[in-house]
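Could you put together the complete structure from these sequences and hints?
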Amino acid sequence: MQIASPANPRIKAIRTLRQRHERERSGRFFIEGIRLVAEALQTEAPVETLVVAPSLLRSDFARSLVAQAQGAGIPILEVSETVFSSLSQKEGPQGLAAVVRQRWQRLEELQPAPGDYWVALHAAQDPGNIGTILRTADAAGARGVMLLDHCADPHDPNAVRASMGALFSQRLIRASLAEFWRWKEQTGCTVVGTSGAAATDYRSLRYPLPLVLLMGSEREGLSPAQQASCDLTVSIAMRGRSDSLNLAIATALVLYEIFYQRRSSPVPS
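With the working numbering applied, the sequence shown covers 339 to 607.
Quick caveat, the hints were computed from the structure, so don't treat them as lab data. All residues carry an ideal CB built from backbone N, CA and C; glycine is no exception. Any given hint could turn out to be false.
[Stated by the list, open to error] Beta-carbon label-pair distances, calculated as ranges:
1. M339 to S603: 42 to 52 Å
2. H488 to N584: 18 to 28 Å
3. R520 to T381: 44 to 54 Å
4. P413 to Q463: 27 to 37 Å
5. Q340 to N584: 22 to 32 Å
This is the structure we're talking about:
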């Protein structure tokens, strides 16, 4: 039976997933759009419910995703166009969305392989930056993203959209900075930090793998104590009046240098 009222309890429960405290309480988040739903299904993400507005579906591909979900035994929640619009935060809703269970990996269970590289973000506050970094990490061959201390939520709608589906292929770890340093000592994994004061240009360093690229917050970067705890620090040269780069852009520059080096000298996985 199609749900036609935005006040339906199931619809109201989905709408609360816009709020971080409800996402954290329930361990669920909401995605919408054909591309994101396709990525979730293709990567076998734990989709709990597919939300479908049949009158909004315009493509055969979208309809094939509904059939795929049905074949996988995923519950289908059919709603009217009005109800779907009440859930949507996009212009021109596509009639396809899903409720997905979050997946986190425990830091203490992580044993980096010889060719692995990860990104760790300390106190990053912009969900869009986190989503963009997830997308870049996926494209550059990183294994995942570690969120240390009080970071923005990677399941925030802005982060989910910016990730363009990379949220489902990248591993996510949540830990404190103190836990991260203990893990580093236990595993011997190299930690590379960034600082405008570092003497080594990011393109001149030969990056040892496995490693973690540690990036600081948007406003403050890495503190002097955090830089001192890194095995290596690198800088990104700049001209002009700007004294810093956007966090996602700075992360992308260093990640792609690691990617190009690994591609030219592959490390057995």
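Quiz item: Between Q340 and N584, is the Cβ distance one that fits in 22 to 32 Å?
Solution: 44 Å, violated
Practice problem: Please test the hint of 44 to 54 Å on the beta carbon pair from R520 and T381. | Solution: The hinted range 44 to 54 Å is violated for R520 and T381, with Cβ atoms some 31 Å apart.
Quiz prompt | M339 paired with S603, Cβ distance criterion 42 to 52 Å | solution = Violated - the Cβ-Cβ distance for M339 and S603, about 59 Å, lies outside 42 to 52 Å.
Practice problem: Given the range 27 to 37 Å, decide if the beta-carbon distance of P413 to Q463 lies inside it. | Solution: 35 Å, holds
Quiz item: Is the hinted range of 18 to 28 Å satisfied by the C-beta distance from H488 to N584?
Solution: Given a distance of about 20 Å, which is inside 18 to 28 Å, the answer is holds.
Figure legend: structure checked against the earlier numbered hints; hints not met, in rising order: 1, 3, 5.
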